[in-house]
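J.: Read off the chains here:
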Amino acid sequence: MKADRRTLLGLGAGAVAIGGGGFAATLGGTEALPPGGLGGTDLARGHRLRDGGFPAPSRFEDVDVVIAGGGIAGLSAGWRLQDAGFTRFRVLELEDEAGGNARGGRNPVSAYPLGAHYLPVPNREAKAVRHLLRQLGVITGDRDGVPVYDPEQLCADLQERLFWQGRWQEGLVPRTGLSAQDRADLAAFEQTMSAYSRRTGSDGKPAFAVPRAYSSQDADLLALDRLDFVAWLDRQGWRSPVLRAHVRYAMRDDYGTEPQHVSAWAGVHYFAGRRGWTVDGAGDNELTWPEGNARLVRGLAGFCRDRIATGHIVHAVRRDGEGVQIDSFDVAANATTRIRARAAILAMPHFVAARICPAAVGGAGAFSYAPWLVANVTVDRLPGGRGVPLAWDNVSSTSDSLGYVVATHQTPDAFPMATVLTWYLPLSDMPPSAARRLLLQRTADTWKQIVRDDLLAMNPDLEGAIRSIELWRWGHAMIRPTPGFLDRGEAVRPAPPLFLAHSDLSGLSLFEEAQYQGVRAAEGAMAFLHHPHESLL
Amino acid sequence: MAEGDAAGPKTRASAPAAALLASAFVVSTCGLIYELLASTLASYLLGDSVTQFSTVIGTYLFAMGLGSWCSRYVTRDELRLFIRVELLIAVLGGASAAALFVLFPLVEHFRVALYGLVLGIGFLVGLEIPLLIRILRGFDFRETVSNVLTFDYVGALVASLLFPLLLMPHLGMIRTGFLFGILNAGVALAVLLALPRASRYRSETVSAVLVLLALAAGFVASDRLQRWAEVGSYGEPVIYAVSTKYQRIVLTRREDDLRLYLNGNLQFSSRDEYRYHEALVQPVLGRVQNPRNVLIFGGGDGLAAREVLRHPEVRHLTLVDLDDEMTALFSKTAMLTALNKGALTDPRITVINADGFRWAREAAATRAGSFDAIIVDFPDPVDYSVGKLYTETFYRAARRLMAPAGAMVVQSTSPLVAPMAYWTVATTLEAAGLQTRGYHVYVPSFGEWGFVLAAAQAIPDRARILPGGRFLTPAGDGQLFDFPPDMARRPTPVNRLDNQVLVREFANAWSRYEG
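Sequences listed follow chains Z and F, in order.
The first sequence maps to residues 0 to 536 in numbering that gives the first Met the number 0.
The second sequence maps to residues 0 to 514 in numbering that gives the first Met the number 0.
Next comes chain F alone, as it looks inside the complex (with noise of 0.2 Å):
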């Protein structure tokens, strides 16, 4: 083989020889690697792991077989290729999980990209195998086929037991993407210096060169990748992930710890979404004389609206959430619906998928007075669009809506973290012809967490709480009202829908927060 082209003097296991001995046990190390990072990374993006690990290894081992087979149309300059083929999945396997973190967010046929990387890496990684066979053969190297498949098995047996117990826990799947490029890039530069007439492939070592210092970057780099990538910033697996034409929905679940994020920001977590929840409803519900029409603004999750539905007295329920799909979402799904009771599906619900906006503008004209209670739990005001939902014009058309003697409840993010964000709430629905009183609750997962009441009228200290809940009792009530200090009332402007002021100070506060 090989007719003397690329191979060195025929010796027995020389240095080159021993070095691409070992590339055998690397190469094959690395592509384990590479495969159990993807199948891991799909369990983790896509859920169902069983479903993930077994596509991703078929495609895998397929591309292989595929590799392998045109292996025979290489018929001279093998270790030219097989440097050049070790150098690509260096970069491809080393970059792989970095580039799907990064592309899942913002692609939408994630599969594609995922199976299609698959594909690429089993290819070339069953291109290298045979190749490398015959340069060894080239070598004069007994028993070269049953030495490659050796070091290729052990190689296997010791990337699936790192794999999971040292590499996922201490570096993690981006780092340890790249540290598997570095050696896969390391061994093509190790077999090039090893090689008697090195200068022949000078472009191959610069490569190398370059490969290995890329890859380098990238894993010092990792943490900044990780914080880049959307998804890599959730802590727990995520069970369900979809962009809707408005937002980009992800479920997530570790243990019965389950969590919804909407663009990246934490909405709940079931183990204390009761807290929130509780204290978004009932002290609005429990001031109120007698709440037989009640309006939720948001709150897609069906979670408020439980809580509304304990209530007998409730006749109807409106739900204006903007997007059908979060709805439907929450509406059919048996783990979403045995957390929200079926609220959704009740008979006492409306859910009308609308702009609220657009939706409270048309409605004070037709409904005005009709609504007893109205819950607004908008996302947090994190851009000019959902901002403008807490503006004065956006209130004025709520008061309207509301009973002569109804209220309402407005979450308004943290007034620990945000306290002017916090008090603009506050401000506008004054500058709205309301009442107000604020109160806070703190849930585990959010941290201090504040509401703003208002009504027409003044608003009643003391609430009828209704019994049955986890949290929220009449004396509990009376405690959310005392502000310390630190997140005592302090003077705002007026949100409108010309400053949009509060976008501004929430902006602000978080970034100071989160440095």
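The shape of chain Z in the complex, shown without the other chains (with noise of 0.2 Å):
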């Protein structure tokens, strides 16, 4: 069965070695490819960085905080600082746009999300996010102090289909044909899970949190991380395949990475680290948009839009004296400008970090990263099928896809006459290098061909009806939290007055621990240079 899908989607070691032009032959499609492009981070930049070859400084300048890198993490110590009152600092984003992989794009049919896609209902003790989202208008109030959430924000039932045994129920964990192991190791994992969520630690804190800092340091807790969830679910003896491939789904929505290589910890924490704090018992929703978490991107953006440079790529960082100095070349300009900064925020991925600022930053050999192929599938009718009608969130159980969102979901149209669905693939069953490499091998087409007869399997009605397919390649979608993950970041943090802001650092690519880790590099560069601020953390 698993080598099946493997086949079908192309991604064990034996695709790698035929190729492209071969794989699309097994496929046996000769019909057209619809059309669309290849797009995804900017590799040459991204090359350059790497081989380097930047004229020299021919501009100097100084501002008194850097932050180098306009993703979510950036962008929230930006937003951090700008809250704050503290305005000297600049932003430099390498890419042409801000957001990282948050980012969205659009067509004449609907905006869409490139990677990142929606936040979860916060927890309690997400006091920063939910300081923005009450800033945005997401939060709309509180009723007996309990924030109340913009309906037309939090998603539209349905949420969540799952197709299986050849209908699509609600929900994505299988409640049909299920054997009597599957039913009783279903059971005592929710048990399990749900004992995990409502634990408080010996410390007083929540024993899985989202952040993951405020979670509880209790050894036995701790002691997860040592091993890979696989081992855990072992132990625990829950063999059922029912099971197991949920499990396996998750880490892989999440983590991009197979469960056998997921920290025990962040197995758990995926399970029974979200309670969503709101009213009307919608505490296990989320927050979506159609374009994903593009729409954060730009409300962040707005408290600082004057302040962000894109286009820049900072290739060189070290400490000079008190402050810091830092080399950014702008692409546009063609010219390399040196910035003295009284402090920098290193708002990249780690092996980034690691390499513009090796004297100062921990190496990164620990840290990698799960690549990722998203496409955007533009189609002129719903998709449908049989058993519960289409959801936002859409999962096929014989898929090594991840499924599709339906961009359209939040709009009020009862009747959208034509929609995006954004269909994620992460290529986690081979080592990251060799999966990046399989990434950029692929042509379009051979991609394309995979997308569309994906998703035909799990919708034949749109047949006809695909009319582009928007292919983007992530090489370094998100970190993976592999076993002994939690010190990591820890370890590598620099002294003042670098610092570093990145999820790569918690470990979980999620939106709250980039705003956390931005958030907590913003204020740690405020008291640093002594400016007043009152913590959000």
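These are calculated hints, taken from the structure and not from any lab test.
A quick note: this is a predicted structure, and the numbers were derived from the prediction, not measured.
A hint or two may mislead.
[What the hints assert, rightly or not] Which stretches of chain F does chain Z cover? Using the computed rule of at least three CB atoms under 8 Å from a CB of chain Z, they are:
(1) 349-361
(2) 379-393
(3) 490-500
We put the CB at the ideal spot given by N, CA and C, even for glycine.
Build the complex: two chains, separate frames, hints provided.
T.: Right under this line is the structure:
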């Protein structure tokens, strides 16, 4: 079964050897492929960063704080500084657009996400997230002291459906055709996870919190980080293939990683970390938008838009007396600017930070990243299928992809005539470096064929309705929370005036983590520069 | 003829010959039945029976001619071909009614399927008769042509009498089709069994048995097929059907009873719609001081608009309905404008074809507080798309559109069949900050039906009911608000975009009710 699926998507090692052409032939698809481009992080800029060869500095500037990197962490750091009245900073972004893996795209049919596409209703401990959501109008008020969310931004019903045994069912856990063992293991798993979710550690903190820094430090909980999630499941004696498949889906969904490579602490965190705090029992819901988390990017950038410079490659950062010296290459001007700053926040993936500031920042050897392919598929009609109707998130139990989300799900229209489906595939079942090679090697046509065939297997009703497929390759989409990840972030932190800000430091690629790291770095910088502020953390 | 290949020994009217001759009778009877079925079905689904009968019969006869002509190219093994053709007719003809019923709601160009099938059956029947004549000549049968033709014409008479008198009233179209398919295949099997060297026709015999079994299964499952076939469930002849971008509109008519179905759900029957529409419109207009500006959501049939426009004080009526084909149909067709009294082309009305939710949200910003009365007449919350229009978010937008002293009414499904769904609408309106009063009315074609009045202030007990209605009087209005225990108020959740409890509750209630 698994081998078959692997052949279908061509993720197995064999498919790498065969290469694009041979693979295409085995699919037998001869119809013309839909139009659409192949995008992704700017490879040339990334490689230039690796290979060097930037011109010597020809301009010189002074600024109090430089934030290098305009993803969620960098933008959050900027937002935090701005919010505390500290305005002497700049955000330098390598790409032409800020947002990192929370960027979005748009075509005449709809806006759509290119990566991160939702934010779960935040936990009670996620104070900084709530502070932002209030400013952005996502939280509209309070009822009896409990936050109330804008109903049009909470994911509309139906939220999730699973293609299981030939029918779409509501929810993501299979409910029909289960063996006695499946039922027993699923129930025991659920019970254990809800016990973990309710548990308060001996330090008074929740066992599993989001952001994870608020989690309890009880030794038995931290010990989970020494184990991989499959070994932990084995220890519990839960061998139901249905449970295992569901766990695999979850680990690939949030971490882009196979469960045998995920720390058991991170595995449990996925299932026991969410206790969304709001009224009307909507706490297990998500916030989502047609363009996904690009909505949050826009909101964050709105606080400091005039201080964000895109197309700036920060390629060297070193201590300079009391301050920091930053070399930044302006792509448009083809010139390097040397900036003297009182503090610098490196808000970039750790493997990049370690390269441009090797003297001060700990090595990146233990950090590994999951490559993903995201496809935005424009279709002329809404997908249907047997069973429950179209949901926001649609997952197939027979596919190695994670299924698709529907961009128009939140629109007020009762009957959208066309939509964009965002289809996700983490290339998780081979070493990340090999998967990255495969991701880049395969031609756009090969990927399109894979996307189309996978989508049509889930929804044969879409035959003839696919108008275009826009591909987006993420070579380093997210940090992988492998065993031992809990201490990794703290071990690499430099001393002031250098600060790191990225979800890599949390080890979990989540909006709340990126924001936490950004806020923490900004508050660290403000404390270092003696700028008065009240901590949001 | 036949070079002694297919035919048996040349004896006088042998058993196989008799069977073959009998088959001429059955073949012609079946052929005519299929033709009548196709014509009736086309009139039933497409309306205009003269055109349907005329074009179907013409096509059928033409196809028979084609088949006859093609029979000259058959030069050997006529008997085997005859049996095969007979079986093919059994399958095509037997399943024709069922197939057309099932296809009708699914395909865009129904006529292509219809005439394709008629052409196919006609061609095969046309091929069959000359083959039969040639085979019987091989048996040295005297007067072959006149015999075959005699049986053919007698069969036609039998069919044309059986069809309207016995088959249609007692079996219905789908079952009649299968029955005659069974006869077709049965004759083929009988001929095969009567042949002296039956073993040469083993594959045909096996096929005949399989076809018989399949058709028998179809016959037994006719009721289920009928239910699958959406249109089969209309109790009355369909006079108009169209699939718009948003929905399937079907009009049926039996005598003076004109009915509108949207996606298979009854919207009104012309016999009692006045009860529904007076009860929908008059209580809310009668509780607003001087309703000048009125808004209707849904109601593309113009019947609620007709009730609103009876009020001389109404200066302007805005009607927001999603489907432009629906409002165009009810603006232009004489039979329908007679029913809504031309409401959709009245100088006081503005018809806006837009999504209700989107329009309300956008208008809430620009036209806040501008409507004295709002009438919300959406289809029942059968799915999540329509369910959005019953949420707290929608009612908040509607509330912003309402004048401070205005009032709103919402059609809210049946408080008898789906009391939880009904009271969910009231609870949801209250969550949107409105006061509510529920009422209900008996509409024979719907059963007990419910509405909820909502306003920012207390809703008056008494209403000024406009005289001249066929149903509602001031005294009658007062009686609508009494709920017996089986429909009494019960606690319900609030219907929100992110939970859509109403859709779930509505589906549960109706599936329980319909078993």
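J.: Now look at each hint and say whether the structure bears it out.
T.: Here is what the structure says about each hint:
no., hint, result
1, 349-361, "holds (count 5)"
2, 379-393, "holds (count 10)"
3, 490-500, "holds (count 6)"
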